[in-house]
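A.B. asks: Chain order of the listed sequences is E and H. Everything in the first sequence is counted per our numbering, starting at 510 for the first residue and increasing by one. Everything in the second sequence is counted per our numbering, starting at 643 for the first residue and increasing by one.
Take the hints with a grain of salt, since some may be wrong.
To be verified - Which residues of chain H face chain E? A partial, calculated answer using Cβ under 8 Å:
#	residue
1	F783
2	T837
3	Y926
4	L960
None of these hints come from the bench; they were simulated from the model. For glycine and all other residues, C-beta sits at the position ideal for the given N, C-alpha and C.
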Amino acid sequence: MNRIELRPFADDQLDAAAVLLAAAHETHRAAEPLLAPADARAEVERAWSKDDTSGIVALRDGEPVAYLFAREAESPTWGRHAFVDRAGHAGGDPELVRDLWAAASEGWWQRGARRFFANVPSTRDRLDPWERLGFAQMHQEAIRATDAEPVAVDGVAIRRGGLDDIEVAMRIGREIGLTQSRPPSYHELVPESRQDWVETLEDPEVAWFVAERDGQPLGHATLYEPDPDLGTPSDTIFLASTATLAEARGLGAGVALLTHALAWAAGEGYATMWTNWRVTNLLASRYWPARGFRSTYVRLHRVPGIA
Amino acid sequence: MRGLDLLPFADEHLDEAAELLARRHSRQRAVEPLLSPAFEQPRAARAELEAAWQADGASGATAIRDGRLVGFMVGAPRTSPLWGPNVFVETAGHAAEEAETVRDLYGLAAARWVDEGRTSHYVLAPATDPSLLEAWSRLGFGQQQGLGIQEVPTRPGEAGRVEVRDSVPDDVDDLIALDLLGEHQSGSPVFSAHTRPPEDELRADILEEIADPEAAMLIAHLDGRAVGCATVAPVSYSSLHGGLARPDDACILGYAATLPEVRGHGAGLALTEGVFAWARDRGYRIIVVDWRTTNLLASRFWPARGFRTSFLRLHRSLT
């Protein structure tokens, strides 16, 4: 890349990075207007201020033209890894991402990172350079408007539940985990945490709905406000753990649950609903787009290969 | 499952699968006509598919809709420990009327592969089909290697200051020092595992290559110093450029490297021109090369020399 100079990203690059991020985000919003406008400076600073964050800025003739940084972390699931957040990269020429990541990843690798992640706008021009860095799709983020009328399905009742329904919630959560552990997802099967579900169902900020027929559970939907992030509207509700039991598929319970949740969210003042799914989950990756959810970001993943 | 019946691949599926494969190759040749026309014929496609199906440990899946075979996938392990506990879907190993069907096929086929302990999966997929590549990306596969193809240029390019000639046995020490690619690719962003072979083994391999009358190892000198090398041989020497990826009348630029300190001085260009000249002199019509997609230098250099990507090797590790 002629006349490009790469330097470690530092605090004095934040203003320039904000300009780059603002431009990139507006391009993304042109493709997906439901995304929220960004306070780019605040977003870059929030991402940059996380512990163990490091990266690279690209300068052309002394002017910043692209940047990329990641936070390094350790987790039981992923080991030592480096994660590029949504606000962790931007720049005019998508190909520069490859140079930036190449330069930044040297340090991450030396410090033991062996898995790499990036949250990338789901437009082809932004995904392409990452795919040519060996990254593959892992999780899809998506959004839709909450404009939907509840669909009534004969025999299916939807109610809001809580802690008394913990056994049902755990059962459906286990089924989600089992589905994702099977081919082609092969996600590690993690036992459902009763404590996590207690906290979820007790939380007044969480809305948990169950679909039932003759008092028997068919599926559930879990909703709460998401953490702030680039592009996530302030008036969005996050559709989290949501599924129908295998034996209930085809009965319309999923549509009933979703439309009930959408109508509830609209009534509560949420203009949009956000969700995500594992792209390798064939059911989910087909179901949610068919229910009107449009792609926003993709979490990409790379584990450098053997050969 | 979208009206699909998914079944394990069996002998009875070969004929219909071959038809599907031939049509896939035909679509690919509409974009990349340098690939062999032979495999547009179901009989030739069937021969390649049958070879993949009869490989040791092969297994796979078919998708049937309304009694018609609409997709298939066949994979088998390669024996080299280089690939780990693996399965390869070779160039003849999959085709589908709709790209999304590939995800259902993999779901069934991979179940057995993983049960057998084979957790590194590789696919050779047409690079000319964006929807197919997208489907594989949404199965968690990343790009690993690009296969490039172009016509051998009919006219020589510009000669610079770099001198390129055939290697002779006295060059072996210089050539050992130019065995740089493995080490380069062990760094970022490739991060490829690399073990340099013992020097005596490397020496013997180089001398054997120099002595091969069917191939060439070119060496480049700048100001009297050996600064780069490249190899060229009949494409039959390459297992990667095999099957549906193997064009007729072709040679392969198998290896090229220049010293880091001379990059930008024309050594890579000179070596490439030297390879093209060798290919012209021997009547080769087509030349192929391959590169790690994550090798920034190579993945930019070869397309800039005119190579078009024909296939991609994709990879997913479940460890």
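A.B. asks: Looking back at the numbered hints, which does the structure fail to meet, lowest number first?
C.D. replies: Going through the list in order, the structure violates hints 2 and 3 and respects the others.
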